[in-house]
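Enquirer: Here's the letter readout for the chains.
Protein chains: 2
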Amino acid sequence: MFRKVSTLLIASLLSFGANAQPKGKREPLVTQEQGSFLVGGTTLTEPGKFEVANALKPQGQTLHGDHAYAFYQIPVKAHKYPLVFLHGAGESKKTWESTPDGREGFQTIFLRRGYGVYLLDQPRRGEAGKSTVATTITPTPDEQFWFTQFRIGNYPDYFPGSQFPKDTAALEQFFRQMTPNTGAFDANIVSNACSKLFDRIGDGILITHSQGGGIGWFTAIKNPKVKAVIAYEPFSSFVFPAGELPKPIQSASLFGELKGVEIPLSDFEKLTRIPIIIYYGDNIADQPTTVWNKDHWRAGLEMAKIWAATINKHGGHAKVVHLPDLGIKGNTHFPFSDLNNLQIADLLSDFLRENNLNK
Amino acid sequence: MFRKVSTLLIASLLSFGANAQPKGKREPLVTQEQGSFLVGGTTLTEPGKFEVANALKPQGQTLHGDHAYAFYQIPVKAHKYPLVFLHGAGESKKTWESTPDGREGFQTIFLRRGYGVYLLDQPRRGEAGKSTVATTITPTPDEQFWFTQFRIGNYPDYFPGSQFPKDTAALEQFFRQMTPNTGAFDANIVSNACSKLFDRIGDGILITHSQGGGIGWFTAIKNPKVKAVIAYEPFSSFVFPAGELPKPIQSASLFGELKGVEIPLSDFEKLTRIPIIIYYGDNIADQPTTVWNKDHWRAGLEMAKIWAATINKHGGHAKVVHLPDLGIKGNTHFPFSDLNNLQIADLLSDFLRENNLNK
Numbered sequence: 001m002f003r004k005v006s007t008l009l010i011a012s013l014l015s016f017g018a019n020a021q022p023k024g025k026r027e028p029l030v031t032q033e034q035g036s037f038l039v040g041g042t043t044l045t046e047p048g049k050f051e052v053a054n055a056l057k058p059q060g061q062t063l064h065g066d067h068a069y070a071f072y073q074i075p076v077k078a079h080k081y082p083l084v085f086l087h088g089a090g091e092s093k094k095t096w097e098s099t100p101d102g103r104e105g106f107q108t109i110f111l112r113r114g115y116g117v118y119l120l121d122q123p124r125r126g127e128a129g130k131s132t133v134a135t136t137i138t139p140t141p142d143e144q145f146w147f148t149q150f151r152i153g154n155y156p157d158y159f160p161g162s163q164f165p166k167d168t169a170a171l172e173q174f175f176r177q178m179t180p181n182t183g184a185f186d187a188n189i190v191s192n193a194c195s196k197l198f199d200r201i202g203d204g205i206l207i208t209h210s211q212g213g214g215i216g217w218f219t220a221i222k223n224p225k226v227k228a229v230i231a232y233e234p235f236s237s238f239v240f241p242a243g244e245l246p247k248p249i250q251s252a253s254l255f256g257e258l259k260g261v262e263i264p265l266s267d268f269e270k271l272t273r274i275p276i277i278i279y280y281g282d283n284i285a286d287q288p289t290t291v292w293n294k295d296h297w298r299a300g301l302e303m304a305k306i307w308a309a310t311i312n313k314h315g316g317h318a319k320v321v322h323l324p325d326l327g328i329k330g331n332t333h334f335p336f337s338d339l340n341n342l343q344i345a346d347l348l349s350d351f352l353r354e355n356n357l358n359k
Numbered sequence: 001m002f003r004k005v006s007t008l009l010i011a012s013l014l015s016f017g018a019n020a021q022p023k024g025k026r027e028p029l030v031t032q033e034q035g036s037f038l039v040g041g042t043t044l045t046e047p048g049k050f051e052v053a054n055a056l057k058p059q060g061q062t063l064h065g066d067h068a069y070a071f072y073q074i075p076v077k078a079h080k081y082p083l084v085f086l087h088g089a090g091e092s093k094k095t096w097e098s099t100p101d102g103r104e105g106f107q108t109i110f111l112r113r114g115y116g117v118y119l120l121d122q123p124r125r126g127e128a129g130k131s132t133v134a135t136t137i138t139p140t141p142d143e144q145f146w147f148t149q150f151r152i153g154n155y156p157d158y159f160p161g162s163q164f165p166k167d168t169a170a171l172e173q174f175f176r177q178m179t180p181n182t183g184a185f186d187a188n189i190v191s192n193a194c195s196k197l198f199d200r201i202g203d204g205i206l207i208t209h210s211q212g213g214g215i216g217w218f219t220a221i222k223n224p225k226v227k228a229v230i231a232y233e234p235f236s237s238f239v240f241p242a243g244e245l246p247k248p249i250q251s252a253s254l255f256g257e258l259k260g261v262e263i264p265l266s267d268f269e270k271l272t273r274i275p276i277i278i279y280y281g282d283n284i285a286d287q288p289t290t291v292w293n294k295d296h297w298r299a300g301l302e303m304a305k306i307w308a309a310t311i312n313k314h315g316g317h318a319k320v321v322h323l324p325d326l327g328i329k330g331n332t333h334f335p336f337s338d339l340n341n342l343q344i345a346d347l348l349s350d351f352l353r354e355n356n357l358n359k
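As you go down the protein sequences, you meet chains A and L in turn. According to UniProt numbering, the first sequence holds residues 1 to 359 in order. According to UniProt numbering, the second sequence holds residues 1 to 359 in order.
Here chain A stands alone, though its shape is the one from the complex (with noise of 0.2 angstroms):
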């Protein structure tokens, strides 16, 4: 899979447009600086005092654990505002690395762009593993149910145009990114992580995808430096001002009904601050239906619909963007990996220069 390359010319990379799609080679990253760190979490301490004789007992030990994991990139001449990303459910830092079939993914196609990046691997997950609650781990066969709640297809065949890659070893890559929780997902403990974050790095911009959808909305809400959020395909936890909350919609998802959260409205109203884009892809349904994944998004769209209203209609900035009203068609939950990727991040561009955050 590697290219040999044995030339290196600066000034081409300098010269490479943002939105070109070279085929073959690319040229050469050049980054400033790299690196990761824990950041956020707490800490359990057992009373007593430790003894080195007695080092295999618990008392005075501590146990550090719930923090977010973090590796960054930042580029020479870096854009004034990095971006952090944050996977989904199951999903971890994997989600934006190479795509299932090794074609770049977010991370190092705005790394090319320009911009610091940033990717998490929540508390309890990936290399953020210790966790202060104990869990069991069972291995359960469901990748089928994912490939169909993910919408790539209706299991075993994928949707007409969809831009998942169709190779098994596409496939297969797809179904062991996906990695278990180490302890009970907790949304408060995850943007308390992220906000931490933020604390430490400064201004930035949250990139969220799926279940990290509410984290996004909770560390924008906790912390003043999340400058924007993009959220690709949220689902669960939007959130409403008390009083404002709309009625559940019904669906035929394997997930239930969608519900609103209500929060507050002085919290609800530092949401209207910052612009706020979400995306979905293709294959929702327009009405509802039996097919339960197109019904399941199509409650998470509607409800998203509803969000960004509300959101707007207090003052501030959202907007749903459902990709094949641009005439984007075949996306699947993962826009920013299909085989598209690069339009997508297209999107994203645009939508910072628009709201001028790629200074």
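Warning: the hint list may mix true and false statements.
[Said to hold, decoys possible] Listed next, the in silico BS3-like pairs over lysine-lysine satisfying Cα-Cα at most 30 angstroms (straight line):
#, chain 1, residue 1, chain 2, residue 2
1, L, Lys225, L, Lys270
2, L, Lys77, A, Lys77
3, L, Lys25, A, Lys359
4, L, Lys25, A, Lys77
5, L, Lys319, L, Lys359
6, A, Lys196, L, Lys25
7, L, Lys259, A, Lys57
[Stated by the list, open to error] Have a look at the derived ranges for each label pair, beta carbon to beta carbon:
#, chain 1, residue 1, chain 2, residue 2, range
8, A, Ala169, L, Thr138, 33 to 39 angstroms
9, L, Gly48, A, Asp325, 51 to 57 angstroms
10, L, Pro248, A, Asp157, 55 to 61 angstroms
No lab work stands behind these hints: they were computed from the structure. No experiment lies behind these values; they were computed from the predicted model shown. Glycine is no exception: its CB is placed at the ideal position from the N, C-alpha and C atoms.
Put chain L on the given structure of chain A with help from the hints.
Expert: Below, chain L alone, put in the same frame as chain A:
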């Protein structure tokens, strides 16, 4: 934390001495390619037929697990052999990234020195969390034990002259970077996945830490694409030909006596065909003592010397380096992230050059 740099001079990168230890800002990293993938593993399939209408039932569904995860970066004009890094017990690929106090780890140091770098999460750890076996994870306060076991000192005291950074933030990072198994450790599964990685990437050099040491021997036995092994502080799983097992080494280690592992001579001989080097740090007893951490590693170092002598008796090329013998003092169980890790990296660079592995 980020340094602003506005100049980009590839010439200065190319003239950047391998052993330079610049203070302050670093030259930009120039990378030809980066990405990630899952490799190896197995697949469970539940009998029956998957039906979209019964998608929450396991029938006909699969679970892909027990793979490794790899994040790779290939510099421009890379040396012929990439370096593959495997972490130890309780750790992830984070081990090789930023040090606990935020300096560059071996990932970035060796990328700067022109090597392709692959960091692995072994099966059932980190981003490779999907396991084919169930497990229960119980939060256990044990960090003061690990501080001591890993020879940072005898908690709460640092060893005099310890190369571990003394600030509390670094120690917190160190504690948080440990991450649990999501399934039982299985040396055969881990070495199978490592071997599959070499099948994918071709010839390369394997660098292991601690528990990963045994995986290094098993991987090199399984796959002739492993052209050298560098092991930092291996402990268990020293392999000997049938009939040549040394007697177990008694010590005050909390893990009990240290035994070798018997393997067929034909497998052992595969380890005599490649250069192998083993490094141990400081504060290891030179004779039996009741100080259990110093004595644990005395047993490891003694066994390593017996092992290397056995390799060499069979015509191999193994060497054990006890860093204090070179006048390098204060190293913990993690020499590659200690304060003097550039000096430790220089030793590795020397080894690669001396063995013509830096082509």
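Enquirer: Against this structure, judge whether each hint is valid.
Expert: Against the structure, the hints come out as follows:
1. L:Lys225 with L:Lys270: Since the Cα atoms of Lys225 (chain L) and Lys270 (chain L) sit roughly 11 angstroms apart, the hinted pair holds (cutoff 30 angstroms).
2. L:Lys77 with A:Lys77: 24 angstroms, holds
3. L:Lys25 with A:Lys359: Holds - the C-alpha atoms of Lys359 (chain A) and Lys25 (chain L) are around 23 angstroms apart, at most 30 angstroms.
4. L:Lys25 with A:Lys77: 14 angstroms, holds
5. L:Lys319 with L:Lys359: Roughly 22 angstroms between the alpha carbons, so the hint for Lys319 (chain L) and Lys359 (chain L) holds.
6. A:Lys196 with L:Lys25: Satisfied, since the Cα-Cα distance of roughly 25 angstroms is no more than 30 angstroms.
7. L:Lys259 with A:Lys57: Judged against 30 angstroms, a Cα distance of about 25 angstroms means the pair holds.
8. A:Ala169 with L:Thr138: 33 to 39 angstroms: About 37 angstroms separates the Cβ atoms of Ala169 (chain A) and Thr138 (chain L), which means 33 to 39 angstroms holds.
9. L:Gly48 with A:Asp325: 51 to 57 angstroms: 40 angstroms, violated
10. L:Pro248 with A:Asp157: 55 to 61 angstroms: Since Pro248 (chain L) and Asp157 (chain A) have Cβ atoms about 59 angstroms apart, the given range 55 to 61 angstroms holds.
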